[in-house]
Amino acid sequence: MKLRLRLALTAMAAVLPVVVAMAYFQQSLRERSQEEVLEAATLARVQVERSRCEASPETWRPRPSERGAPPPRRGEDGRPPPPRAPGGDDDGRPPPPRSPRGDDDGRPPAPRSSDEGAEGRPPRQGGPRGDDGARPRAFMDGPDARGRAGSSTPSGLGPSFFEDGRPSPGEGDGPGNGGRVPARVEHFPYDARFVSLNPRAPALSEEMKAAALDGTVVRRFEQDGRRMLEVLLRMPWEGGPCAFILARREEPPSPSLLSLPPLKDWSLLVSTVVASVVLALGPVVRRIRMLTEDVRASARSGYEQPVAVRGRDEIADLARAFQEARAEIQARMAHQEAREQGLRDFLANTTHDVMTPLTVLQGHLSAMQQRVGRGERVAASEVASAMSEAHYMASLVHNLAAATRLEAGAPHVQRSPVDLNDVVGRVLGRHQPIARQQRISLESGVPAVPVRVLGDVTLIEQAVSNVVGNGVRYGREEGHVAVVLESTREGRFHLRVIDDGPGIPEDERTRLLARGMRGNAARTRAPEGQGLGLHIAHDVAQAHGWALTLSPSEYGGLEVCFSGEVLSDAVPVSRA
Amino acid sequence: MGERILLVEDDARLGAQIVEHLKGAGFEAEWWTEGRMLLPGELPDVGLVVLDLMLPGTYGLDMLKALRFFSEVPVLILSARNDTLDKVRALKLGADDYLTKPFWPEELIERVRARLRRPVLQRPEAVLELGPLRVDFQGREVRVEGRVVELTRVEFEVLAALARRPREAVTRQWLVEHVLDPEREGTERTLDVHVSRLRRKLSPAQCVETVWGVGYRLVAGDGS
Chain A
1 MKLRLRLALT AMAAVLPVVV AMAYFQQSLR ERSQEEVLEA ATLARVQVER SRCEASPETW
61 RPRPSERGAP PPRRGEDGRP PPPRAPGGDD DGRPPPPRSP RGDDDGRPPA PRSSDEGAEG
121 RPPRQGGPRG DDGARPRAFM DGPDARGRAG SSTPSGLGPS FFEDGRPSPG EGDGPGNGGR
181 VPARVEHFPY DARFVSLNPR APALSEEMKA AALDGTVVRR FEQDGRRMLE VLLRMPWEGG
241 PCAFILARRE EPPSPSLLSL PPLKDWSLLV STVVASVVLA LGPVVRRIRM LTEDVRASAR
301 SGYEQPVAVR GRDEIADLAR AFQEARAEIQ ARMAHQEARE QGLRDFLANT THDVMTPLTV
361 LQGHLSAMQQ RVGRGERVAA SEVASAMSEA HYMASLVHNL AAATRLEAGA PHVQRSPVDL
421 NDVVGRVLGR HQPIARQQRI SLESGVPAVP VRVLGDVTLI EQAVSNVVGN GVRYGREEGH
481 VAVVLESTRE GRFHLRVIDD GPGIPEDERT RLLARGMRGN AARTRAPEGQ GLGLHIAHDV
541 AQAHGWALTL SPSEYGGLEV CFSGEVLSDA VPVSRA
Chain B
1 MGERILLVED DARLGAQIVE HLKGAGFEAE WWTEGRMLLP GELPDVGLVV LDLMLPGTYG
61 LDMLKALRFF SEVPVLILSA RNDTLDKVRA LKLGADDYLT KPFWPEELIE RVRARLRRPV
121 LQRPEAVLEL GPLRVDFQGR EVRVEGRVVE LTRVEFEVLA ALARRPREAV TRQWLVEHVL
181 DPEREGTERT LDVHVSRLRR KLSPAQCVET VWGVGYRLVA GDGS
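Line by line, the protein sequences are chains A and B. According to the working numbering, the stretch in the first sequence is residues 1 to 576, in order. According to the working numbering, the stretch in the second sequence is residues 1 to 224, in order.
Below 20 Å or equal to it, Euclidean Cα-Cα: the simulated EDC-like pairs (lysine to aspartate or glutamate) are:
(1) B:Lys92 to A:Asp422
(2) B:Lys101 to A:Glu389
(3) B:Lys92 to A:Asp419
Interface residues of chain A toward chain B, partial, derived using beta-carbon atoms under 10 Å:
(4) His391
(5) Met393
(6) Ala394
(7) Ala402
(8) Ser416
(9) Asp422
(10) Ser441
(11) Val446
(12) Pro447
(13) Val457
(14) Val483
(15) Val484
(16) Tyr555
I should point out that these hints are in silico values taken from the structure, not numbers from a laboratory. We treat Cβ as the ideally placed atom computed from N, Cα and C, and that holds for glycine.
Modelling step: build the complete structure from the supplied sequences, incorporating the hints.
Here you go:
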């Protein structure tokens with residue numbers, strides 16, 4: 001509804017200015033044609049009556065002005081009723097006598113006699129042609145104008161005459177349109193200096209005079225509530241009391257503004273447009289409503305239900321966009337769900353993994369307490385075992401955190417300079433208490449100059465710690481674990497963790513480092529229980545672009561070797 | 001030793017434990033249970049600061065930052081969060097070492113000792129005296145219990161290499177690469193032969209120790 005209303009209003013808003021513009025255009029066209037009709041008629045009339053006008057300018061009124069003004073104005077109208085042939089006679093008669101006379105008469109008052117003489121005399125009969133000579137432009141217009149005008153006037157000579165006189169004769173239809181309503185026209189002659197011998201002639205403003213020298217002046221004004229049209233035109237001859245003629249005419253009670261006739265026209269137009277817009281909009285609105293309903297239904301169903309895509313237009317595009325958005329939302333929801341499931345699993349596994357060593361620890365502590373209560377000695381092995389469980393739990397929690405970060409991907413792996421000598425020192429410090437308890441010798445050898453790499457210090461430390469921790473945890477009593485860090489001249493480092501423990505069978509080694517071994521399978525403690533730790537070591541190595549190899553050590557146990565690129569000395573040292 | 005150590009740790013039980021262990025290791029401990037914005041002159045005269053990061057009052061890193069404006073005292077960070085960014089930031093702010101919770105008390109004591117010892121060790125010395133052994137690097141003279149021991153060039157180089165990093169294990173590979181003559185056949189077995197000769201010459205002092213899986217280490221030879 002809103003959409004329709006808006007479009008209807010828009011259509012109206014678009015049509016209204018068009019209507020106004022058209023009315024205005026029509027009005028101005030009408031005015032212009034009136035001017036041209038008046039001008040053309042005046043010109044024609046005065047040329048015919050030149051001799052009369054010049055004979056008695058003070059009282060001259062064109063003879064046909066009362067009865068004849070209308071006919072010549074509408075050339076086509078005027079012609080069919082030939083009864084008014086007197087007009088035709090008038091047209092035909094005056095020229096021959098007028099032209100010589102006109103020349104003669106025109107010459108004395110005109111100061112530029114030489115010009116006139118030159119033109120005027122030789123082509124006696126062609127007096128008008130002499131005028132033409134003065135206005136060559138008109139002559140060029142001639143053929144065309146004459147052709148058209150010729151049809152409007154029976155006389156062959158007359159038309160060419162006054163058409164020549166008009167610089168822009170063009171609108172032959174002007175007369176036809178303009179003078180539908182008869183109007184009274186008054187003519188006032190003026191001489192070349194705009195002085196009229198006719199006492200009734202209105203005084204001309206300087207402005208008009210100046211403009212009249214250049215061409216025809218048109219003026220509209222109101223007088224006694226009537227709208228008047230004035231045309232001041234220069235005759236095609238020079239001098240004489242009738243060099244300029246002012247034609248004044250009351251304008252017909254104009255059907256002027258868009259008041260009466262247009263109203264019904266344009267209201268019909270507007271209502272047609274509006275109605276068609278509203279009707280055409282019906283299906284569109286219906287489809288939008290359907291789409292809205294579809295989207296709502298889809299949202300209600302948790303974006304399970306698809307949004308139907310109908311057709312191939314913009315509404316279909318919109319539906320398609322909704323469909324895409326729905327797919328995106330679904331994908332995100334699925335992703336979120338998977339993450340949540342992962343977190344739940346993680347929590348469950350962590351809880352399980354921590355609970356078991358915690359239970360063992362509680363058992364040890366409880367046994368110790370009972371022994372102390374009975375006054376017995378607490379065996380060192382029991383304390384060592386308890387410590388080992390606590391130690392295991394700590395590394396487990398660290399490993400789970402590391403696993404989370406590794407699984408979350410690269411952005412969570414920091415890159416900063418890491419001093420591997422320090423890492424080895426810290427890892428040994430972490431495991432030394434347990435190693436001592438288990439009477440395992442834990443030693444390390446590092447170069448005198450720190451070996452630095454670029455990487456995530458927490459992950460690297462955890463990886464090395466896992467390998468060392470495994471060696472300590474699963475090493476035999478009186479056994480050995482050694483960490484050896486070396487750097488080569490080629491800018492690589494080798495960090496080896498060697499033990500003389502039970503080692504890992506070859507197929508098991510491959511399996512431990514196989515990709516994609518995650519979750520519970522990697523987390524089980526038995527039989528070796530080295531799964532998660534090694535797996536994380538593997539992932540950390542991979543995240544840093546290092547190689548991790550597992551092989552039997554020369555002492556019968558396991559040798560785990562990390563190797564990778566050393567950081568060049570250009571980067572500032574950080575002891576991490 | 002008796003060096004004074006400032007501990008800033010808000011957890012009462014952990015703090016008490018650490019204080020106890022520090023005292024047991026022969027240190028004198030001062031314990032603050034909350035962070036304070038330190039101004040010059042407010043720091044007690046201590047040889048080392050053990051600083052927890054998560055503190056009520058002033059955050060540990062802010063404390064460290066303020067501290068570094070006027071003091072170069074070694075700072076050992078304790079953190080429950082095993083977070084790389086924290087560590088990197090702490091080290092950038094001038095921390096000397098860090099320890100992630102949970103840790104064994106021995107671990108902490110070892111770190112404190114290492115930190116307090118370090119500057120002394122880094123001074124290059126012309127002469128090393130370790131137990132009955134005396135090595136003069138410049139004069140290329142070795143004495144055991146005051147008696148001059150005649151060594152071959154290679155034997156002296158091996159001993160000197162170990163003596164430059166006393167109590168630290170030097171890998172056999174390093175020794176092979178840096179001490180043995182590359183012209184002649186230099187293998188780890190050759191090294192072992194040289195070492196066993198060296199040991200014989202140095203006896204009765206038992207100062208060249210084999211480190212399992214690593215290499216050799218120079219010790220006082222009196223069991224310390």
